[in-house]
Amino acid sequence: MEITLFQGLMLTVVGFICGLDQCWEAFFWFRPMVVSFLAGIVLGDVQLGVACGAVAELSYLGLLSVGGTVPPDPLMAGMMTVVIAYTTGQSAETAIGLSLPFALLAQWMGIFFNTVYVGIAHRCDKLAAEGDANGFKRIVYAGILIKTSAIALLVFLCTYALQAPIQSFVNTFPEELIHGFEIAGGLLPAIGLGLLLMVTLKKENAPYLFLGFIMATFLVMPNVMPIAIVGVCLAFINYMYEKKIDNASATVTVNDIGGEENGI
Amino acid sequence: MASSQKRGKLTKKDITRMGLYSIIEQSAFSFERMQAPGFTLSMLPAFKKIYGDSKEDLAEFMTYNMEFMNTEPHMATFLMGLILSMEENGEDRKLIEGIRNGLFGPFAGLGDAIFWFTLLPISAAICCSLAQDGSVLGPILYIVIWFIAAISRVFFARFGYNLGVKAVSRISESTKYLTKAAGILGVMVVGGLIPSYINVAFSENLKFGLGEGTTVQSVFDNILPNILPLAFVFLIYWLFKKKNGNVLIIILGIIAFSIAMSFLGWM
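In order, the protein sequence lines correspond to chains A and B.
Counting from 1, position 183 in the first sequence corresponds to residue 183 in this note's numbering; the numbering is continuous, with no gaps.
Counting from 1, position 202 in the second sequence corresponds to residue 202 in this note's numbering; the numbering is continuous, with no gaps.
Hints are computed from structural coordinates only; laboratory data are not their basis.
C-beta atoms are modelled at their ideal positions from N, C-alpha and C, and glycine is treated no differently.
A couple of the hints might just be wrong.
[To be verified] Straight-line alpha carbon distances no greater than 25 Å define the calculated BS3-like cross-link-like pairs of lysine-lysine that follow: (1) B/Lys242 - A/Lys203; (2) B/Lys9 - B/Lys55; (3) A/Lys202 - B/Lys9.
[Claimed, not checked] Residues of chain A placed beyond 12 Å of chain B at every Cβ, according to the derived structure: (4) Gly53; (5) Leu145; (6) Gln163; (7) Val170.
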């Protein structure tokens, strides 16, 4: 079935709302389960939306946005699975496969924004140094508004205006380029960690970095929590030790002074 | 530091408001600072209540909070509550900064474990089984579950703030040691994050005639698994520290390098 202009615009509104939530990860409306449901309502086929949402949600369950990496976009996957199933009459299982180029495109847009917004962070630094809270607020809000509008625009183009051209456009991309972005996705978080180390790493605590690294490499752990607990233990040991040494040397100094006085 | 001046007191309502406002915590996310702008902005209304319009305090507060921040958005409010309780008490900002940088990693781990690895699979499994029969109950239940999860940030905010208020007098006695201890914890967690945050490996097909069953990657793995991610983080660290590298250029360099590696078939 054809998508009307009105439906296309309504899907754009859904894209805007869910896109905002995707940036924030606040109410999880960016997950395929909700996106497909809302898209189904817009298209007048709630049953289809719910069914597509279930299929897409399960498919994307393994792809979690954890640790700063960007997965193929769950929002666009949920949206396009419904739209493709609606327009072509294919099953939800086939439609999710066809939605992949759009999810990839949305993922690249995410990487683009995460890169360009380094500029916003630098602007924020300047406003922070000036103590300009209102300017700071304005630029952060501008950032979220622009990114969300871009997501909504992409939804409009994918669902209504340029569905077929976009699909063939992404499909002409060489496999190597797509894989190249995958590699970049695995490397880019090093920027954040490198900058964090600029602030925290000192000669005296460098050994602990390697301790944490070796634990994470050789132990099977569900998350970083065990390392954090060991870190707290070591920090506490160090805390007591240093305090004791300082107290001891303080006592020695007092005794020395006392001794000299007695001598005189 | 201008902490000698009169400071305002936060009420429970202020903390609740901050918890709700923190929904914007991931605004203006970037690879360089990640959540720092949103994290800072979330605390500004409450901070202003403590220090009024003192530009000097505001500038100091915003500057140290604009350092790198990446934690689990729901539990970020715990950290915010803790920071504000210490600001309210006029603690040394170096100490607050140390605690901030030491704790967000552990909270990211804890929050991911609760929300992404436990609540998400369970809620998705239940709601999908409902939705597969075409029942509207599936998505609606999903929305309700995650609405409650989103509101939980208010409780994390209160928890962090109350804990800070109670512990603050003890904290200030041993500022010097605690700053060091927080540094140890922070650095150790960063070390632990390297293998899971950064994924880099040479292709299984890259052999360079090293002999039967030996690949370039296996040579590295035999030295130390994850040595490439570790080396890469230090490369970036070195570029920033010694070469004053430009973030944007480094990001573009990484993307160009990745695409080149992909076309060469090395990775």
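Index of numbered hints that the structure contradicts, given in increasing order: Per hint list: 3, 4 and 5 violated.
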